[in-house]
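Protein chains: 2
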Amino acid sequence: MKWCRFEHKKEIYFGIFEDPFITKVIGTPFGNYELSDERYKLEDVKLDIPVVPSTFYAVGVNYINHVKKMAKIRGIEGITPKSPDVGYRANNALIPHNETIIIPKDASENIQYEGELVVVIGKIAKNLDKNNVWDHIFGYTIGNDVSERNWQSNDRTLWRAKNTDSFKPMGPYIETDIDLNSLRTIIRINNEIKDDFKTNDMIFGISDYLCKMTKYLTLYPGDVIWMGTDEVPQNIKDGDIVEIEITGIGTLINPVIKE
Amino acid sequence: MKWCRFEHKKEIYFGIFEDPFITKVIGTPFGNYELSDERYKLEDVKLDIPVVPSTFYAVGVNYINHVKKMAKIRGIEGITPKSPDVGYRANNALIPHNETIIIPKDASENIQYEGELVVVIGKIAKNLDKNNVWDHIFGYTIGNDVSERNWQSNDRTLWRAKNTDSFKPMGPYIETDIDLNSLRTIIRINNEIKDDFKTNDMIFGISDYLCKMTKYLTLYPGDVIWMGTDEVPQNIKDGDIVEIEITGIGTLINPVIKE
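In the order they appear, the protein sequences are chains A and B. All the letters of the first sequence, read from the start, carry residue numbers 1 to 259 under the numbering used here. All the letters of the second sequence, read from the start, carry residue numbers 1 to 259 under the numbering used here.
If we strip away everything but chain A, and leave its shape as in the complex, we get (with noise of 0.2 Å):
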């Protein structure tokens, strides 16, 4: 089932998309909710980001190619995480299917796309073990990691590098039933393929870093955990169109503007 969030009429509600249908939704997955008489076609609504998270996670360093590849591109010897130490991003960076990635007149040309995997968290969980973990992922979305490089190494935080408003594309819906080890990440720009890599390949898999967090903190319904990327994500720049596909999933397109 595919869960999305648009726009209609100045109000934003859930929705569930059925090629070329989307049924609104009364309510919300992550609580009661039941379906309306009311279906649109997508092209008449404006989809928002599929969920707003109470708590934003990122797990960064998590696929052993990007991990050498990046390494080796900087010169320095690539450092494998031993844990799974997940990380953050902030909510004012998101933006949906669709909407336009602003790169800030003053950042450098070294501006990169990251293709993930995100988790979304659909019950409240703590000391989640392996057999139960499952249970508590209400579906998977796509995010798109814009990070600008030079930011990224220089300053003390990840704060400009990743979370500059409109660097986190999200969407376009959130895809319930899927076979994990079947899908493939495959990332364009402008029609051509740049990266196509196995999604599942990752150094801590989802379980690992559920049952490993909820040992300390507690996830809530709609949190996000975005899983990591592979390969070598290559410069995106003014004008650029950038999709990241997730195969079972669906495709985030954004179009990419220098202010």
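Simulated from the structure, these hints should not be mistaken for laboratory data. Treat the hints loosely; a few may be bogus.
[As the list claims (entries may be wrong)] Below, a list of computed lysine-lysine pairs in the DSS-like style, where the Cα atoms sit at most 25 Å apart:
| id | chain 1 | residue 1 | chain 2 | residue 2 |
| --- | --- | --- | --- | --- |
| 1 | A | K130 | B | K105 |
| 2 | B | K69 | B | K194 |
| 3 | A | K237 | B | K126 |
| 4 | B | K126 | A | K258 |
| 5 | B | K194 | A | K126 |
| 6 | A | K126 | B | K258 |
Computed from a predicted model, the values in this text were never measured in an experiment.
Knowing the structure of chain A, use the given hints to seat chain B on it.
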């Protein structure tokens, strides 16, 4: 004016506190609201955190004494930040005044308070300058940035060192009218003063941070920015009572237990 949030008969309300009464408010201080004719004695309600942040910022290292003395203890060179680079904390860790800080059973003894001034944003803010920055602040509250120093040193991120459930006491009130330069932060453990410093004696001030941040990101009503701590925080342990007083705002009190 002192704003709070409180639980009464299993519902959460904003309130205005005028000792000894809390007047219940219909609506929120960040939008439209009106005073109800209901008021309660402080001791008859349970205070909640005074605001649920949409994004939870924390500036980290922001006082000269703290940098120098912490570096000396760690046997490293103290590095004064060159620019106001903000970090993040997470909502799961927030607890109100009087609620218990719970130290996980596998935490070290090296776990410490940090008494911090908290800025609460009142209006949508982008591209602030030093003339209009103060108009966008709703008020100020108090935070205790509890930190497990071994995890802080050894993990790849601050996730459990700083964001374990219960590690972020915040409250009790948001004070809208203060004279920043007159404030002192006084920290007591079991009624004994451990630190007493000038609250506004920061490396980068509130205006520096908000102007730099909003060059790249939008701040929203209810966002909080924790401004860092001075001096050398001491260890806290099972059975302790930690009090963070900021003169003119109030006193945030939390007991500590080891799990």
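Comparing the hints with the structure gives:
1. K130/A x K105/B: Satisfied, since the Cα-Cα distance of roughly 21 Å is no more than 25 Å.
2. K69/B x K194/B: With Cα atoms ~15 Å apart, K69/B and K194/B stay inside 25 Å; holds.
3. K237/A x K126/B: 23 Å, holds
4. K126/B x K258/A: 18 Å, holds
5. K194/B x K126/A: Measuring from Cα to Cα gives roughly 34 Å; hence the hint is violated.
6. K126/A x K258/B: 18 Å, holds
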